[in-house]
Structure formats: structure tokens, C-alpha cells
Amino acid sequence: MTTITCPRCQKQTEWSTDNPYRPFCSNRCKMSDLDGWLTEEYALPANDEETSDLPIDDH
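For the sequence shown, the tail end lands on 129 under my numbering, and the numbers increase by one without skipping.
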């Protein structure tokens, strides 16, 4: 059995097809992580070079 650390609560959990929430330990941690993305608790850094060519909308 392979165990991993839940990315949300840091609890050890089983990595297997028997765990439908992997890599999380539970549905609660899975939903809590999703909420973190939806409320912008997490964010990916922007690459200013990629967006510098976009027109600015002044409206």
C-alpha cells in the first residue's frame, strides 16, 4: 500500500483506486481545496511577458 500526504490537511492517506478522493484523504478536503481555488486563496503567478501584447480596455 502506498501512502501519501493529503495536500489539504497533511494527514497520511492511501493512494489507490479504493480512495476516490485521491490525492486528498476525504471529500471534505477535496471540496475545501476547490474552495481555495474558487475564492482565490490559491493563485498561479502571471507571466507579464505573455500578457504584455494584449490591448488594454480603458472602458
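Don't read these hints as lab results, they were simulated from the structure. Remember, it's a predicted structure, so these values are computed and weren't measured experimentally. A virtual CB, placed ideally from N, CA and C, is assigned to each residue, including glycine. Treat the hints with care, as some may be off.
[What the hints assert, rightly or not] Pairwise CB distance ranges, derived in the manner of DEER restraints: (1) 113 / 93: 17 to 25 Å; (2) 107 / 80: 17 to 25 Å; (3) 107 / 84: 32 to 40 Å; (4) 85 / 107: 34 to 42 Å; (5) 113 / 79: 15 to 23 Å; (6) 82 / 112: 17 to 25 Å; (7) 117 / 84: 19 to 27 Å; (8) 107 / 75: 16 to 24 Å; (9) 93 / 117: 21 to 29 Å; (10) 113 / 72: 29 to 37 Å.
Structure-based check of each hint:
1. 113 / 93: 17 to 25 Å: 20 Å, holds
2. 107 / 80: 17 to 25 Å: 18 Å, holds
3. 107 / 84: 32 to 40 Å: 24 Å, violated
4. 85 / 107: 34 to 42 Å: Once the Cβ atoms are compared, 22 Å apart, the range 34 to 42 Å for residue 107 and residue 85 is violated.
5. 113 / 79: 15 to 23 Å: 21 Å, holds
6. 82 / 112: 17 to 25 Å: 22 Å, holds
7. 117 / 84: 19 to 27 Å: Cβ of residue 117 to Cβ of residue 84: about 37 Å, so the range 19 to 27 Å is violated.
8. 107 / 75: 16 to 24 Å: This hint holds: roughly 19 Å between Cβ atoms.
9. 93 / 117: 21 to 29 Å: Holds: the Cβ-Cβ distance is about 26 Å, inside 21 to 29 Å.
10. 113 / 72: 29 to 37 Å: This hint holds: roughly 30 Å between Cβ atoms.
Hint compliance for this structure: hints 3, 4 and 7 are not met, and every other hint is.
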